[in-house]
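**Q** Sequence:
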Amino acid sequence: MQVQRVTKTKNIYGAGISFETLTSKVAIDTVTENGFIYRQYSADGKTTLQNTFVTLNPFVGQRFSYRKINFDVLVGLDLAFCLKSQEKGNATARNKTIYTADNDKAKPSIDFRPGIQIKTQFKEAGLLVGYSHGLTNYQTQNSSSAYSSYLRLGLSYQLK
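My numbering puts the first residue of the sequence shown at -4, with every later residue one more than the last.
Just so you know, the hints here were simulated from the structure itself, not pulled from any lab data. Because the structure is a prediction, the values reported are computed rather than measured. A few of these clues could be false.
What the hints assert, rightly or not - Lysine-lysine pairs mimicking BS3-like chemistry, simulated, CA-CA at most 27 angstroms apart:
1. K114 with K79
2. K155 with K3
3. K63 with K79
4. K118 with K63
5. K155 with K5
6. K114 with K41
7. K91 with K3
8. K118 with K79
9. K20 with K155
10. K20 with K63
11. K100 with K20
12. K114 with K63
13. K100 with K5
14. K5 with K91
15. K20 with K3
16. K155 with K91
17. K155 with K114
18. K79 with K20
19. K118 with K41
20. K3 with K79
21. K83 with K5
22. K100 with K3
23. K91 with K20
24. K3 with K102
25. K41 with K5
26. K41 with K3
27. K63 with K83
28. K100 with K118
As the list claims (entries may be wrong) - What follows is a set of in silico ranges between Cβ atoms, one per label pair, in the way DEER data are often shown:
29. N98 with V55: 35 to 41 angstroms
30. Y152 with L17: 38 to 44 angstroms
31. T2 with A96: 16 to 22 angstroms
32. Y8 with E82: 37 to 43 angstroms
33. K91 with G30: 45 to 51 angstroms
34. I32 with P109: 26 to 32 angstroms
35. K20 with K63: 26 to 32 angstroms
The beta carbon of each residue, even a glycine, is placed where N, CA and C say it ideally should be.
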C-alpha cells in the first residue's frame, strides 16, 4: 500500500509499506561430510531460503504525461526490517543417505535497498516495473558476501 502526492509541477513524493515473503531456491548436486574423514558424494536435492520483511519505502519522483497516459519515474529507499529467515532443504546422496536442513538463519536487522520504479497509468489502472539493490551483506562468514537484488513487476489501481 502506498500514498503519494503529485504537485502542480508534477513532482511526486510519498511512502509505501509492504509485507514481503521472499523465497530463493538452490539445487544441490554435492554433499560433504566433515568428520574424522572428509567425504564428498554426488547428490540430488534442493534447499529453500525464505525471508520475511516489513518494508517502508519513502520515494520522490516526477510525472510525465503523453495524451491520457501518465508515466511516473520514482526513486526511493526500501527500509526492510527482517522478521524471519529460514532455510529448509533435503538431498539424497548417491550412497542413499538422506540429508535434511531446517535452520533459522542469522538475519540482519534491516536491509537498505535504493531503487528505481517506473509506473505507467491510464485512468485508475497501472503497470509498474522496478529494481532495488540491497546494501546489507547477508553472508558475513568466511569473508564472502551476498546482497539482495529485486526486480518488481506489478499492477496498480488508484483508489482516489
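**Q** Are the hints correct? Go through all of them and say.
**A** Right, here's what the structure says about each hint:
1. Between the alpha carbons of K114 and K79 the distance comes to roughly 30 angstroms, so the proposed pair goes past 27 angstroms and is violated.
2. Of the supplied pair hints, the one linking K155 and K3 holds, its CA atoms being roughly 17 angstroms apart against a limit of 27 angstroms.
3. Annotation: proposed proximity of K63 to K79 is violated, straight-line Cα distance about 43 angstroms (limit 27 angstroms).
4. Straight-line distance between C-alpha atoms of K118 and K63 comes to about 8 angstroms, which keeps the hinted pair within the 27 angstroms bound.
5. For the suggested pair K155 and K5, the alpha carbons sit about 17 angstroms apart, so the restraint of at most 27 angstroms is met.
6. For the proposed pair K114 and K41, the alpha carbon gap of about 36 angstroms is over 27 angstroms, so the pair is violated.
7. Distance hint between K91 and K3 is unfulfilled; the C-alpha atoms sit about 68 angstroms from each other, more than 27 angstroms.
8. The suggested pairing of K118 with K79 is violated, with an alpha-carbon distance near 38 angstroms, which exceeds 27 angstroms.
9. At most 27 angstroms may separate the alpha-carbon atoms for a hinted pair to count; K20 and K155 exceed this at roughly 39 angstroms.
10. The suggested pairing of K20 with K63 is violated, with an alpha-carbon distance near 42 angstroms, which exceeds 27 angstroms.
11. Under the criterion of a C-alpha separation no larger than 27 angstroms, the hint pairing K100 with K20 is consistent with the structure, at around 15 angstroms.
12. At most 27 angstroms may separate the alpha-carbon atoms for a hinted pair to count; K114 and K63 meet this at roughly 14 angstroms.
13. The straight-line distance between the Cα atoms of K100 and K5 is roughly 44 angstroms, outside the 27 angstroms bound, and the hint therefore fails.
14. Taking the CA atoms of K5 and K91, the gap is about 64 angstroms. The hint is violated against a cut of 27 angstroms.
15. In summary, the hint linking K20 to K3 is not supported, as the alpha carbons are separated by about 46 angstroms, beyond the 27 angstroms threshold.
16. Restraint check for K155 and K91: not satisfied, since their Cα atoms lie roughly 60 angstroms apart, outside the 27 angstroms limit.
17. Distance restraint check for K155 and K114: the Cα-Cα separation of roughly 16 angstroms lies within the 27 angstroms cut-off, and the hinted pair is therefore satisfied.
18. Restraint check for K79 and K20: the C-alpha separation of about 17 angstroms stays at or below 27 angstroms, so the hint holds.
19. Restraint check for K118 and K41: the C-alpha separation of about 44 angstroms exceeds 27 angstroms, so the hint is violated.
20. Only pairs whose Cα atoms come within 27 angstroms are accepted, and K3 paired with K79 is rejected, the gap being roughly 42 angstroms.
21. Taking the CA atoms of K83 and K5, the gap is near 47 angstroms; set against the 27 angstroms cutoff, the hint is violated.
22. Restraint check: the Cα-Cα separation between K100 and K3 comes to about 48 angstroms, which exceeds 27 angstroms; the hinted pair is violated.
23. A distance of roughly 22 angstroms separates the Cα atoms of K91 and K20; the hinted pair therefore holds under the 27 angstroms criterion.
24. Note on K3 and K102: the hinted pairing is violated, with a Cα-Cα distance of about 43 angstroms set against a maximum of 27 angstroms.
25. For a cut-off of 27 angstroms, the pair hint linking K41 to K5 is broken: about 48 angstroms separates their Cα positions.
26. Proposed proximity of K41 and K3 is contradicted: the alpha carbons are some 53 angstroms apart, above 27 angstroms.
27. For the suggested pair K63 and K83, the alpha carbons sit about 48 angstroms apart, so the restraint of at most 27 angstroms is broken.
28. A distance of roughly 44 angstroms separates the Cα atoms of K100 and K118; the hinted pair therefore is violated under the 27 angstroms criterion.
29. Checking the proposed 35 to 41 angstroms range against N98 and V55 shows it holds: the Cβ atoms sit about 39 angstroms from each other.
30. Checking the proposed 38 to 44 angstroms range against Y152 and L17 shows it is violated: the Cβ atoms sit about 23 angstroms from each other.
31. Here the CB-CB span from T2 to A96 is close to 51 angstroms, at odds with the stated 16 to 22 angstroms.
32. Checking the proposed 37 to 43 angstroms range against Y8 and E82 shows it holds: the Cβ atoms sit about 38 angstroms from each other.
33. For the pair K91 and G30, the beta carbons lie near 18 angstroms from each other, so the given range of 45 to 51 angstroms is not met.
34. The supplied range of 26 to 32 angstroms is broken by I32 and P109, whose beta-carbon atoms lie about 48 angstroms from each other.
35. Hint check: K20 to K63, Cβ distance near 42 angstroms, so the stated range 26 to 32 angstroms is violated.
Going through the hint list in order, the structure does not satisfy hints 1, 3, 6, 7, 8, 9, 10, 13, 14, 15, 16, 19, 20, 21, 22, 24, 25, 26, 27, 28, 30, 31, 33, 34 and 35.
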